[in-house]
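Colleague: Sequence:
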Amino acid sequence: MKFVSFLCFLFILISCREGNRKEKAVSDSISVKKQILSKWDSIFIKAGLVSIQQLDSSIQQDIKYSTNDNLMKYDVYGDLDKVYLQKDAAEILVKAQKILKSIDSNLSIVIYDAARPLSIQKIMWDTLQMTYSEKIKYVSNPKDGGLHNYGLAVDVSILDKNGKALDMGTPFDFLGELASPMHESKYLQTGELKEFQIENRKLLRKVMTEAGFSGIKYEWWHFNACTKARAKEKYKIIE
1 MKFVSFLCFL
11 FILISCREGN
21 RKEKAVSDSI
31 SVKKQILSKW
41 DSIFIKAGLV
51 SIQQLDSSIQ
61 QDIKYSTNDN
71 LMKYDVYGDL
81 DKVYLQKDAA
91 EILVKAQKIL
101 KSIDSNLSIV
111 IYDAARPLSI
121 QKIMWDTLQM
131 TYSEKIKYVS
141 NPKDGGLHNY
151 GLAVDVSILD
161 KNGKALDMGT
171 PFDFLGELAS
181 PMHESKYLQT
191 GELKEFQIEN
201 RKLLRKVMTE
211 AGFSGIKYEW
221 WHFNACTKAR
231 AKEKYKIIE
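Counted the way the working numbering counts, the sequence shown spans residues 1 to 239.
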């Protein structure tokens, strides 16, 4: 009888230790996940933004400002590997992806940039060596902030079934009239833009505007989820 009691005690002791180990493993896992978050993730999450791929994992990401492939030619984010938007804007982007997929299931939206803290906006503004009149076309003055700084603007393109970006006539972040939607007819006539490149741009504009975004004059890749006046009423700038 004593032996049976000892075995029961030993079983309970082992079970308790195993339970403690599992609890520690879960705690350690949570701790690791917290460490994985970059300082930028923390800033965006604290501001109430959502990661796009949490809503639709089929939307692709190529975060240009976490690389050297951008207008400044250097990486300003480092370890940021997710794009964030205000939930309202993110839901519009999900709708745009669905519209695109309904047109051609092999295509996908790719995001180059989305929410952008004001601190990064200041770096971009100070780095870009252009006249004020030219600079303001491509980067909002950080004194006022732009819709990227509210998490309400996206820079996007379209990928084909092989993950290759459709030819839009210029790269992302091209500084010049050739990237401007309002000059497409002019450059079609000169041959600097081809008809298929303009058609690709029109497809991008179609899916984005049908979903609820609006484009701008100077960049084929940039779309706003609302006006700046509306943004100021409803949201705070991401510092």
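Hints listed in this document are in silico derivations from the structure and should not be mistaken for laboratory results. It cannot be assumed that every hint is accurate.
Said to hold, decoys possible - Straight-line Cα separation of at most 20 angstroms, PhoX-like style, residue types lysine-lysine; simulated pairs:
#: 1; residue 1: Lys217; residue 2: Lys135
#: 2; residue 1: Lys101; residue 2: Lys217
#: 3; residue 1: Lys164; residue 2: Lys194
#: 4; residue 1: Lys95; residue 2: Lys206
#: 5; residue 1: Lys228; residue 2: Lys217
#: 6; residue 1: Lys202; residue 2: Lys217
#: 7; residue 1: Lys46; residue 2: Lys236
#: 8; residue 1: Lys161; residue 2: Lys202
#: 9; residue 1: Lys206; residue 2: Lys194
Claimed, not checked - Listed next, with one range per pair, are the computed distances between beta-carbon atoms:
#: 10; residue 1: Thr209; residue 2: Ala229; range: 15 to 25 angstroms
#: 11; residue 1: Glu195; residue 2: Lys46; range: 16 to 26 angstroms
#: 12; residue 1: Lys186; residue 2: Lys46; range: 43 to 53 angstroms
#: 13; residue 1: Glu210; residue 2: Lys161; range: 14 to 24 angstroms
#: 14; residue 1: Ser102; residue 2: Tyr74; range: 18 to 28 angstroms
#: 15; residue 1: Ser38; residue 2: Glu210; range: 28 to 38 angstroms
#: 16; residue 1: Lys46; residue 2: Asn106; range: 20 to 30 angstroms
#: 17; residue 1: Phe196; residue 2: Ala229; range: 34 to 44 angstroms
#: 18; residue 1: Asp126; residue 2: Phe196; range: 15 to 25 angstroms
#: 19; residue 1: Ser102; residue 2: Ser214; range: 17 to 27 angstroms
#: 20; residue 1: Arg230; residue 2: Ile99; range: 32 to 42 angstroms
#: 21; residue 1: Gly163; residue 2: Asn68; range: 25 to 35 angstroms
In this text, a Cβ means the ideal position worked out from N, Cα and C, and glycines have one as well.
Colleague: Does each hint hold? Answer for all of them.
Modeller: Structure-based check of all given hints:
no. : hint                                   : verdict
1   : Lys217 with Lys135                     : 14 angstroms, holds
2   : Lys101 with Lys217                     : 26 angstroms, violated
3   : Lys164 with Lys194                     : 18 angstroms, holds
4   : Lys95 with Lys206                      : 12 angstroms, holds
5   : Lys228 with Lys217                     : 16 angstroms, holds
6   : Lys202 with Lys217                     : 14 angstroms, holds
7   : Lys46 with Lys236                      : 12 angstroms, holds
8   : Lys161 with Lys202                     : 19 angstroms, holds
9   : Lys206 with Lys194                     : 18 angstroms, holds
10  : Thr209 with Ala229: 15 to 25 angstroms : 19 angstroms, holds
11  : Glu195 with Lys46: 16 to 26 angstroms  : 46 angstroms, violated
12  : Lys186 with Lys46: 43 to 53 angstroms  : 45 angstroms, holds
13  : Glu210 with Lys161: 14 to 24 angstroms : 22 angstroms, holds
14  : Ser102 with Tyr74: 18 to 28 angstroms  : 38 angstroms, violated
15  : Ser38 with Glu210: 28 to 38 angstroms  : 34 angstroms, holds
16  : Lys46 with Asn106: 20 to 30 angstroms  : 37 angstroms, violated
17  : Phe196 with Ala229: 34 to 44 angstroms : 37 angstroms, holds
18  : Asp126 with Phe196: 15 to 25 angstroms : 38 angstroms, violated
19  : Ser102 with Ser214: 17 to 27 angstroms : 21 angstroms, holds
20  : Arg230 with Ile99: 32 to 42 angstroms  : 22 angstroms, violated
21  : Gly163 with Asn68: 25 to 35 angstroms  : 20 angstroms, violated
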